[in-house]
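Novice: Spelled out, the chains give:
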Amino acid sequence: MTAVRAAPTVVVDLARLTFLDSSGVHALVTAHRTAPQRAGRLNVGDAGGMVAQVLKVSGVGERQQPRNGGCDD
Amino acid sequence: MTERAPGRVESIVYTLVSDLAAVRAFVSARAIALGLPPARADLLTLAVNELATNTLQHTQEGGQVHLWAESGQIVCDVVDQGPMRSFGREMPAAESPHGRGLAIVELVCDHVVAFASAHGTVVRLRLGLA
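Top to bottom, those sequences are chains F and R.
Per the numbering used here, the first sequence runs over residues 15 to 87.
Per the numbering used here, the second sequence runs over residues 14 to 143.
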């Protein structure tokens, strides 16, 4: 959240993340909501394994993009 | 409903947030040792982590995790002194900041039920081994 407040574009690379729970989803959702309020962007990508699955079942998976992609909303 | 299978039951106790890493390691290692594929063990670990986090957010006493195999399934009880959990809720909207924990538990396990026992509130998770 500090990063979202400080920079116009924040990239969250999940490639090496091996565990994500609802607290982590909460943090990503909160950052995603905060960024546009500050005319910023949050790019989240490269989730794999259980991390991608958690994002998918949480209903936020569509905000994920494949490698070399990025979501700009 | 409350009696456990006569097979070998492995257990771990948690009372602090700093215990959760050990709980996750325990669930993952035991579930894999009992034959659950690692990707499915990750999901069980996630579910237990959500429930144990819930315990620590809402109670002072901590809780216990009991895990065993029976009838081609991994069965895992998370027991605490917290309120009865209710399942069957919709996943909150993507923009919603709260309320995903129990919905995630239900989605990643094959079967989830909550019931009261002499030891407290039990959430029993099942994942098929096949």
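If you are wondering where the hints come from, they were derived from the structure by calculation, not from laboratory data.
Among these hints, one or two may not hold up.
Claimed, not checked - Straight-line C-alpha distance at most 25 Å; calculated SDA-like pairs for lysine to any residue:
1. F:Lys70 with R:Glu119
2. F:Lys70 with R:His111
3. F:Lys70 with R:His124
4. F:Lys70 with R:Ile45
5. F:Lys70 with R:Arg137
6. F:Lys70 with R:Gln94
7. F:Lys70 with F:Ala20
Claimed, not checked - Listed below are several chain F residues computed to face chain R (Cβ distance under 7 Å; list not exhaustive):
8. Asp27
9. Ser36
10. Val39
11. Val43
Unchecked claim - Take a look, some chain R residues computed to stay more than 10 Å from chain F by CB distance:
12. Arg21
13. Ser24
14. Ile25
15. Ala42
16. Leu56
17. Thr58
18. Glu63
19. Trp81
20. Pro96
21. Pro105
22. Ser109
23. Arg113
24. Ile117
25. Thr134
Because the structure is a prediction, the values reported are computed rather than measured.
Positions of the beta carbon are idealized from the N, C-alpha and C atoms, including for glycine.
Novice: Of the numbered hints stated earlier in the document, which are not met by this structure?
Specialist: Structure breaks hints 6, 7, 8, 16, 17, 18, 21, 22, 23, 24.
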